[in-house]
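Use these hints to put chains B and C onto chain A, whose structure you have.
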Amino acid sequence: MELPGALPLGELAAAFATLPVFPLFDLAYYIVSVLYLKYEPGAVEMSRRSPFASWLCAMLHCFGSYILADLLLGESPLHYFSNHSSVVLATAVWYLIFFCPMNLFYKCVSFLPMKLVFVAMKEVVRVRKIAAGVHHAHHHGWFVMMATGWVKGSGVALMSNFEQLLRGVWRPETNEILHMSFPTKASLYGTLLFTLQQTHWLPIAEANLIFFFTMFMIVCKVFMTATHSHASPFAPIEDFICPVFFGSVASGHASHHHDHHGASHDVSHPPPPPAKSKEELNEGTRKRKAKKAE
Amino acid sequence: MELPGALPLGELAAAFATLPVFPLFDLAYYIVSVLYLKYEPGAVEMSRRSPFASWLCAMLHCFGSYILADLLLGESPLHYFSNHSSVVLATAVWYLIFFCPMNLFYKCVSFLPMKLVFVAMKEVVRVRKIAAGVHHAHHHGWFVMMATGWVKGSGVALMSNFEQLLRGVWRPETNEILHMSFPTKASLYGTLLFTLQQTHWLPIAEANLIFFFTMFMIVCKVFMTATHSHASPFAPIEDFICPVFFGSVASGHASHHHDHHGASHDVSHPPPPPAKSKEELNEGTRKRKAKKAE
Amino acid sequence: MELPGALPLGELAAAFATLPVFPLFDLAYYIVSVLYLKYEPGAVEMSRRSPFASWLCAMLHCFGSYILADLLLGESPLHYFSNHSSVVLATAVWYLIFFCPMNLFYKCVSFLPMKLVFVAMKEVVRVRKIAAGVHHAHHHGWFVMMATGWVKGSGVALMSNFEQLLRGVWRPETNEILHMSFPTKASLYGTLLFTLQQTHWLPIAEANLIFFFTMFMIVCKVFMTATHSHASPFAPIEDFICPVFFGSVASGHASHHHDHHGASHDVSHPPPPPAKSKEELNEGTRKRKAKKAE
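Going line by line, the protein sequences match chains A, B and C. So the first sequence is numbered by UniProt numbering: it starts at 1 and just counts up by one. So the second sequence is numbered by UniProt numbering: it starts at 1 and just counts up by one. So the third sequence is numbered by UniProt numbering: it starts at 1 and just counts up by one.
Chain A extracted, bound-state conformation:
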């Protein structure tokens, strides 16, 4: 949508959309990703005992989006690893965060003002990846476009069960699709918007959409990181729409809106046990008996 008075905004958005992400924004992406890996219980221990496994986990955190997108499109999951500079940069970030003498690098990057800057820069990369993913899968149709954009935005979160398995951790009771964290859910909505834009159902230029959605993501993530807030900006809309389309949402729903990185530590807020209505219990028992006999 190009209004004559919005030309400066259009030019700003266009310039923003073509800003090169390598090396600075990618560097911020790697820093935030490896920081979150370091927060995981046992990650530091693992880096001492099994540095190779630790490095591999860091690579999954940094390049998970590319790996998943390539898997979905039937290409080599290692395709992105041909970009030696990116891999070397991510390796350097991993090494400095885990092994820098006196933990100096870690202390610098986790200093809150610095961290907020990196978090904001990471969102720039995330939105670019969603747009690129949707664009790359353009000729495959709607569903493939949306899936590709989604995994590009969510990254390692969508393979969290298996990334944890690599670290010797196994939590099958939850996964990022069953209980979506904010970045994963935002990526899902974002990929829908970018798909609508690509198929000309949303009358907005791609650069403008990238700009506005990035601003939205930056504001949300910086706010959530700075205030240690749980609240999802989508909750009001979802709590209005979901009961209409999908029946009553259980009261425990709101407590699940927390960042993926908190999910693995959420020992004090486990997903509430499924509360079955009497009708569902009877129905389930009857059907199970029927199925068992089939």
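FYI, nobody ran anything at the bench for these hints, they're computed from the structure. The structure displayed is predicted, hence computed values, not measured ones. Just so you know, not all the hints are guaranteed correct.
Heads up, the list lumps identical chains together, so a pair's fine if it works in one copy or across two of them.
[Claimed, not checked] Once the Cα atoms are required to be at most 20 Å apart in a straight line, the calculated SDA-like pairs of lysine to any residue come out as:
#1 LYS185 with VAL222
#2 LYS185 with CYS242
#3 LYS107 with PHE143
#4 LYS107 with LEU60
#5 LYS185 with PHE52
#6 LYS185 with TRP55
Just chains B and C, lined up with the frame of chain A:
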């Protein structure tokens, strides 16, 4: 095998083999698949709490065969999702079965006579998929042909562990290869027959094989669904052949012939614990000590 | 590196590198692989109850390297199964080891002097696979070359969690990357050497590298098999280098140098629980609280 007196049968089989499966037979396939998803413990709860995860499970149930076949052949696992009509139809079936007001649609399709019709139509699709899978992989050789046909016929059952993982359920002690349900085993035998036919070792026209094997599958599945029977039609032959080639089959073997969909509910019939002979126990201990030292 | 006086050695290495691995060396590879499958607890039981699952496990053990390499390069994981002779040979080995009357074949091949010959021949195949894998991925860049060579050398070990899952066993607390067995670690170092050689950073002819690395692997594996030894030949170097680059290695490190096939039986030597320093405990708690709030 074309006998002059069997021309009408040959024509019937040829017409049957070219019957378009979309939309009616595919619709029946989706209905039965999503019905079985609904029977799973916690599935209704999941549809309320995490509708997206529920939809994704339904897509795995409806299109698992295509996803697995594409994975095995090194193609994009989302390739079939370019067929928008099929995905929209399956989505509509999922929505109606889980969210139709007063559960109306579910009650209609699970009314036994209706359900038997859908079950029969699903088998038409299954056999067509096996034939198409074997045909598609023709130039890759015997083993790839058989594998492709098998996964096309078995569908989501072969990835049941991971489909359950998506629902937050993890049962590693069993899987569809270790304890085959009737559809999976029938697909295995079917893919063998179709491979033999494709490589001209079985002197029968493809259309006739499709016809006869479909009739066999329809009769078996309709009978098993209507009578809630466990008995596998393969048991007599297997109980004769297997001891010859593979040694004595443990007495618990017969109890494993139940439909995949019952497997996950089979809490009262867990696979019997491995009964080791004294010789195997000694041998195992001796070898484990040797291996530990290597 | 070709010195005039080393021409005989160069010719020997060249002849060695072009020695056809099929059928004799491949046969030895299959025998050792299926032997190790038979050692697994419950494997014999599984072969009687679910012969198809047992056969599939055997195929994973024999062809796991090809499957993994093809997955990493985005090709069909069943690509190697077009080689009918290899699959039939491996199937015959599986059948004879599990079902030969009076266990005759098993007793022959596990007779220690015979077994040592087979183990040596298996190492010839392993090193060839590493070299071939690095060569095949040459145009993809360093990291893809190393990854491909590594999975070709390690084989089924790298997918051990999922191979065990097929047998109904699930041990998520360990995996081959977290606690590397000798063959996996040797394959990792080997792939590094072959990658350096391919990219001309290591001034040695490929044939000579194949020869010397194979001799090294044969000596190590034959010694470890014959003496039931745990000791890894890499331990002295690693215990010197790792503390320099990766901080202090926990004292439990040395006990993890055992062959993969012993790993699954290593019930008396579980990985020591992570010993966190007080600083790490405090840091971890503080960060988890911060992350939970994000």
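Structure-based check of each hint:
no., hint, verdict
1, LYS185 with VAL222, "within (16 Å within a copy, 42 Å between copies)"
2, LYS185 with CYS242, "within (14 Å within a copy, 41 Å between copies)"
3, LYS107 with PHE143, "neither (42 Å within a copy, 30 Å between copies)"
4, LYS107 with LEU60, "neither (23 Å within a copy, 45 Å between copies)"
5, LYS185 with PHE52, "between (31 Å within a copy, 10 Å between copies)"
6, LYS185 with TRP55, "between (27 Å within a copy, 15 Å between copies)"
Hint violations for this structure: numbers 3 and 4, all remaining hints satisfied.
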